[in-house]
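**Student:** Letter by letter, the chains look like this.
There are 2 protein chains.
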Amino acid sequence: MIRFYNGNILCFTPDLQIRSDEVWIDGSRICYVGPACEDAPLFDRQIDLRGDLLMPGFKNAHTHTAMTFLRSLADDRELQGWLREIVWPNEAKLTDEAVYIFTTLGIMEYLSSGITASFDMYVHNEAYAKANVDAGFRTVICSGLNNFDADVENIEREYLRFNSYHELVSYRLGIHAEYTTSLDRMEYLASLAEKYKAPCFTHLCETKAEAEGCIERYGMSATQVLDKIGFFRYGGGGFHCCYLTEEDIRYFSDHGLWAVTCPASNLKLASGIAPVEKMRKCGVQFAIGTDGASSNNALDFFREMYLVSTLQKIYEEDAAACPAGEVLKMACVNGARALSLPDCDDIAPGKLADLIVIDLNRPNMHPLNNPAVNLVYSGSKENIRLTMVNGKILYENGEFMIGQSPEEVYRAADAFCRGLIR
Amino acid sequence: MIRFYNGNILCFTPDLQIRSDEVWIDGSRICYVGPACEDAPLFDRQIDLRGDLLMPGFKNAHTHTAMTFLRSLADDRELQGWLREIVWPNEAKLTDEAVYIFTTLGIMEYLSSGITASFDMYVHNEAYAKANVDAGFRTVICSGLNNFDADVENIEREYLRFNSYHELVSYRLGIHAEYTTSLDRMEYLASLAEKYKAPCFTHLCETKAEAEGCIERYGMSATQVLDKIGFFRYGGGGFHCCYLTEEDIRYFSDHGLWAVTCPASNLKLASGIAPVEKMRKCGVQFAIGTDGASSNNALDFFREMYLVSTLQKIYEEDAAACPAGEVLKMACVNGARALSLPDCDDIAPGKLADLIVIDLNRPNMHPLNNPAVNLVYSGSKENIRLTMVNGKILYENGEFMIGQSPEEVYRAADAFCRGLIR
Numbered sequence: 047m048i049r050f051y052n053g054n055i056l057c058f059t060p061d062l063q064i065r066s067d068e069v070w071i072d073g074s075r076i077c078y079v080g081p082a083c084e085d086a087p088l089f090d091r092q093i094d095l096r097g098d099l100l101m102p103g104f105k106n107a108h109t110h111t112a113m114t115f116l117r118s119l120a121d122d123r124e125l126q127g128w129l130r131e132i133v134w135p136n137e138a139k140l141t142d143e144a145v146y147i148f149t150t151l152g153i154m155e156y157l158s159s160g161i162t163a164s165f166d167m168y169v170h171n172e173a174y175a176k177a178n179v180d181a182g183f184r185t186v187i188c189s190g191l192n193n194f195d196a197d198v199e200n201i202e203r204e205y206l207r208f209n210s211y212h213e214l215v216s217y218r219l220g221i222h223a224e225y226t227t228s229l230d231r232m233e234y235l236a237s238l239a240e241k242y243k244a245p246c247f248t249h250l251c252e253t254k255a256e257a258e259g260c261i262e263r264y265g266m267s268a269t270q271v272l273d274k275i276g277f278f279r280y281g282g283g284g285f286h287c288c289y290l291t292e293e294d295i296r297y298f299s300d301h302g303l304w305a306v307t308c309p310a311s312n313l314k315l316a317s318g319i320a321p322v323e324k325m326r327k328c329g330v331q332f333a334i335g336t337d338g339a340s341s342n343n344a345l346d347f348f349r350e351m352y353l354v355s356t357l358q359k360i361y362e363e364d365a366a367a368c369p370a371g372e373v374l375k376m377a378c379v380n381g382a383r384a385l386s387l388p389d390c391d392d393i394a395p396g397k398l399a400d401l402i403v404i405d406l407n408r409p410n411m412h413p414l415n416n417p418a419v420n421l422v423y424s425g426s427k428e429n430i431r432l433t434m435v436n437g438k439i440l441y442e443n444g445e446f447m448i449g450q451s452p453e454e455v456y457r458a459a460d461a462f463c464r465g466l467i468r
Numbered sequence: 047m048i049r050f051y052n053g054n055i056l057c058f059t060p061d062l063q064i065r066s067d068e069v070w071i072d073g074s075r076i077c078y079v080g081p082a083c084e085d086a087p088l089f090d091r092q093i094d095l096r097g098d099l100l101m102p103g104f105k106n107a108h109t110h111t112a113m114t115f116l117r118s119l120a121d122d123r124e125l126q127g128w129l130r131e132i133v134w135p136n137e138a139k140l141t142d143e144a145v146y147i148f149t150t151l152g153i154m155e156y157l158s159s160g161i162t163a164s165f166d167m168y169v170h171n172e173a174y175a176k177a178n179v180d181a182g183f184r185t186v187i188c189s190g191l192n193n194f195d196a197d198v199e200n201i202e203r204e205y206l207r208f209n210s211y212h213e214l215v216s217y218r219l220g221i222h223a224e225y226t227t228s229l230d231r232m233e234y235l236a237s238l239a240e241k242y243k244a245p246c247f248t249h250l251c252e253t254k255a256e257a258e259g260c261i262e263r264y265g266m267s268a269t270q271v272l273d274k275i276g277f278f279r280y281g282g283g284g285f286h287c288c289y290l291t292e293e294d295i296r297y298f299s300d301h302g303l304w305a306v307t308c309p310a311s312n313l314k315l316a317s318g319i320a321p322v323e324k325m326r327k328c329g330v331q332f333a334i335g336t337d338g339a340s341s342n343n344a345l346d347f348f349r350e351m352y353l354v355s356t357l358q359k360i361y362e363e364d365a366a367a368c369p370a371g372e373v374l375k376m377a378c379v380n381g382a383r384a385l386s387l388p389d390c391d392d393i394a395p396g397k398l399a400d401l402i403v404i405d406l407n408r409p410n411m412h413p414l415n416n417p418a419v420n421l422v423y424s425g426s427k428e429n430i431r432l433t434m435v436n437g438k439i440l441y442e443n444g445e446f447m448i449g450q451s452p453e454e455v456y457r458a459a460d461a462f463c464r465g466l467i468r
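Chains as they are written, first to last, in our numbering: chain H, 47 to 468; chain W, 47 to 468.
Hints are computed from structural coordinates only; laboratory data are not their basis.
Quick caveat, the model's predicted, so the values are computed rather than measured.
Among these hints, one or two may not hold up.
Copies of the same chain are indistinguishable here, so a pair counts whether it falls within one copy or spans any two.
Pairs of lysine-lysine residues, derived as DSSO-like cross-links and limited to a Cα-Cα distance of at most 30 Å, are as follows [stated by the list, open to error]:
1) 176 x 438
2) 254 x 324
3) 327 x 254
4) 254 x 375
5) 254 x 274
6) 327 x 241
7) 324 x 438
8) 375 x 438
9) 375 x 139
The shape of chain H in the complex, shown without the other chains (with noise of 0.2 Å):
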């Protein structure tokens, strides 16, 4: 058993709040929040936290990890022209090697900012799984089906598969996007949403160039495009979604689909600003996506969380726009309830262990005139502490224990990028 004390907590149960308490975990599971007590069991290890800040962990509602291998590779591009000739040719250089190493180089990144989960949609399921289970770290695969792909019916298999291989696993069905997915392919996937009664997921109106393609093609938008199949009967959501319609903002809202921004890789690729704000005022439940490597370039969620807020303050010219405490509940508790994780959403007796703890002797942090609000608008990868999944610790005080060196980790991927087209 490990315990943490002399700190704080926060914690979003009835609401946000801080207050002093302990935590003491138990394997996987946080078994005791509250005042220290004189029958303490005895305890594997004691932390101290000196007065800092225990929290849950942040949930990476999107990402591609293995794709920070095209980290800075050509950037400062326009967007057609860097997929043709740099993300799909190197991407098609990709082994299963290859996507173990970068997948472990994105974890280590996640850990280093706060992040204790990710759902993310790439390649290679079988040695990202790996790596996500050999370093410690939770994931949720989803499908990303696509007109490329040349075995239609391996999301079964996968979904099957990844759904009992490890505590740490799960898999969760979705198409790449409308503009990449045929109708019977999208209809195949509603069929096992329907077969499953799972929810389903795709990147939805990234941008205004998909949005306006797919009412030329079907005369109506994804949404309902998808609405119609049934794709989204067991819920689900959408990643981005910079250009839902009115109607479907209505719809998300009405039938709890999750909407997951990724503000970062938005402004990098150009691809807008997504309304969260008006999104939210009509009901819709938002969760914060980094993206992949590729486009964002970071993997930081102090970036994300900063700029879902401030972004949406310039969009509505409202100073008082997104304010830092629904921010902070976007990333660590709808995070997780998108996620289908919602024993990861909190800290609280019974909850899975993906927690941090937020160093606060940093000058960002000071004054302590409110510390969720130095979270959103001045936290950073530096205040990181502690990272613990799943009741292990897998990254403290600036050192990973993720049962790899992490300079052989940097220096596979950076020998894998010698061979990469510029």
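Following the hints, position chain W against chain H.
**Tutor:** Same frame as chain H, now just chain W:
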């Protein structure tokens, strides 16, 4: 003498380049940049860069350092109410002691984000200057003349005093802004500029309301008002510059004036996005500022550099806008020149030793496809391994060497803030 070896340097002469060289420091200046050599002198300290990157420090070209006291005190509020109810009444409580503490806190945050000089406009300049000298930090104070100043002649006294106060301190002439300063006071400032042949600075067109208000008051833009009175005869520039007219932009370009962009503050206060790319293409030279922590809320140059570039991509709807290399140059080279610190602009023999070491052994810096691009798009404070100002190491491996205990600074800062209006 100090020797940095076994790494790479990023420098800007003649163009941005990374090369494998040693750097030696003698006193406050760089005395050698080149390959290792046999007849090296005796060194006081030899620092193994272990492949890391040594580069010029970032220059924070617009800030109000001691405004750290307002960080996260009242956020997500409409601008005018925030100023009237929170900022102004609390500023009235500031003492010399408080400004000293909150300046020190701000300097710590600068050092941890690789900033080696600041251009500051605020109050209690005696305490402010002392805090900088005591910490060993380089600063340029800018006067902020406005209608609330009881003693207008104090500007000239400060100009003379702080320009011969200490090698780390200098002083530039400025008004707070057109909308807070009467024409006769602006003219007085311009007369000082004439007397001392000195550049002049001002907050300029930060908000749309301010730009429109000037047209109503004077029938012309603030830039034109200032031009008419000779304010910019010896150069200088404007802070923010979100709403310059086409004519103003040409004026800035023709007169070699500096535009200092503060993207994070402009976002958080919903002021707007400065058209940096458009102005840059018209020949306007940019430097970058954090503005104060009251509106930012961090003093993090990685955040600023990232925003300078990515906000232009969304504003121009062009992923190629404002490339990373240009932003790095604004941060390091232009910043130094805007602050009239030409000896702080690069890594070269004879230059002042205001430099930083970037820790490349972090996941956000790999793969090393392009380290310069990594700095702008995935860099963070975790990458600041060392910050040196005027030949002295003030920050290394997370520790501050500024003659004061960080814990004491935090404690004093927190204690002062308990008495503030919320």
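**Student:** State for each hint whether it applies.
**Tutor:** Hint check:
1. In this assembly of identical chains, the alpha carbons of residue 176 and residue 438 lie at most 30 Å apart only when taken from the same copy (17 Å versus 47 Å across copies).
2. Within a single copy, residue 254 and residue 324 get their C-alpha atoms as close as 18 Å, and across copies as close as 23 Å, so both meet the 30 Å cut-off.
3. Taking the shortest Cα distances, residue 327 and residue 254 sit within 30 Å of each other both inside one copy (22 Å) and across copies (26 Å).
4. Taking the shortest alpha-carbon separations for residue 254 and residue 375, only the intra-copy value of 28 Å comes in at or below 30 Å, while the best inter-copy value is 33 Å.
5. Proximity of residue 254 to residue 274 under the C-alpha cut-off of 30 Å is restricted to the intra-copy arrangement: shortest distance 22 Å within a copy versus 45 Å between copies.
6. When the C-alpha separation of residue 327 and residue 241 is checked against a cutoff of 30 Å, the pair qualifies neither within a copy, at 34 Å, nor between copies, at 57 Å.
7. Proximity of residue 324 to residue 438 under the C-alpha cut-off of 30 Å is found in neither arrangement, the shortest distances being 39 Å within a copy and 50 Å between copies.
8. For the identical chains of this complex, residue 375 and residue 438 are intra-copy neighbours only, at 23 Å inside a copy versus 43 Å across copies, given an alpha-carbon limit of 30 Å.
9. Taking the closest pair of Cα atoms, residue 375 and residue 139 never come within 30 Å of each other, the shortest separation being 39 Å inside a single copy and 34 Å across copies.
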